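Enquirer: Sequence:
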Amino acid sequence: MPSSLAKRKRLIVGITGASGSLYAVRLLQALRSHPEWETHVVVSNAGALNAQHELSMSKKELEALADVAYDQRDIGAAIASGSFVTHGMIVVPCSMKTLASVAHAFADNLISRAADVILKERRRLVLVTRETPLNLAHLRNMTAVTEMGGVIFPPVPALYQNKTSIDDLVNHSVGRMLDLFGVETDGLVERWSGLSN
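Its first residue numbered 19, the sequence shown is counted upward by one per residue in our numbering.
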């Protein structure tokens with residue numbers, strides 16, 4: 019492997035069955051413009067179903083946006099081991115089922131196993147949770163993940179920026195997600211500079 023590629027920063031992206039496939043697509047597209055980042059994607063069956071329904075996008079098209087793709091059943095994949103060094107993982111969108119699996123270290127597929135590895139290795143885990151309203155189990159699972167060092171990131175629209183389209187709102191949220199990994203957002207986020215008089 020060339021030394022330039024060996025130094026790339028690795029980010030795992032899990033895509034599950036919650037609504038919001040567009041967030042995952044925009045995140046992967048944004049990372050493609052950063053050659054120093056290497057993306058490793060796992061799409062669950064429900065995640066693939068949602069991408070097809072919401073975006074008319076196949077699983078193969080979704081996986082093609084990443085550098086490396088894995089089957090959700092491949093528990094022997096590189097990302098299932100802590101010895102495979104990454105800068106972290108983002109699950110976008112994150113279903114309540116996946117949240118529960120992570121919160122209780124269930125590791126029943128590669129997405130939740132990789133998330134479990136990220137937590138045990140004390141790396142950054144971001145769960146872009148998509149559900150409303152929330153029941154007590156959801157809230158307790160969010161608390162559990164937060165107590166373990168994970169970040170719960172509901173993609174709440176930043177209405178104070180007077181965005182006018184869904185694309186603007188999605189791009190802003192994706193930019194804020196990338197902020198959490200130190201990725202330059204290239205204009206996706208308008209930085210707050212205080213109220214002007």
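Fair warning: there could be bad hints in the mix.
[What the hints assert, rightly or not] Quick list of the computed label-pair ranges, beta carbon to beta carbon:
#	residue 1	residue 2	range
1	S51	G100	28 to 36 angstroms
2	S214	D186	17 to 25 angstroms
3	K25	Q70	21 to 29 angstroms
[As the list claims (entries may be wrong)] Under the rule of at most 30 angstroms between Cα atoms (straight-line distance), these lysine-lysine pairs were calculated in the DSS-like manner:
#	residue 1	residue 2
4	K77	K115
5	K27	K138
6	K25	K77
7	K115	K27
8	K181	K138
9	K78	K27
10	K27	K77
No lab work stands behind these hints: they were computed from the structure.
Everything numeric in this text was worked out from a predicted model, so none of it was measured.
Beta carbons are placed, not taken as given, at the ideal position from N, Cα and C, and that holds for glycine.
Enquirer: Now tell me if each hint is right for this structure.
Expert: Each hint tested on the structure:
{"no.": "1", "hint": "S51 to G100: 28 to 36 angstroms", "in the structure": "29 angstroms, holds"}
{"no.": "2", "hint": "S214 to D186: 17 to 25 angstroms", "in the structure": "20 angstroms, holds"}
{"no.": "3", "hint": "K25 to Q70: 21 to 29 angstroms", "in the structure": "36 angstroms, violated"}
{"no.": "4", "hint": "K77 to K115", "in the structure": "20 angstroms, holds"}
{"no.": "5", "hint": "K27 to K138", "in the structure": "19 angstroms, holds"}
{"no.": "6", "hint": "K25 to K77", "in the structure": "28 angstroms, holds"}
{"no.": "7", "hint": "K115 to K27", "in the structure": "28 angstroms, holds"}
{"no.": "8", "hint": "K181 to K138", "in the structure": "38 angstroms, violated"}
{"no.": "9", "hint": "K78 to K27", "in the structure": "23 angstroms, holds"}
{"no.": "10", "hint": "K27 to K77", "in the structure": "24 angstroms, holds"}
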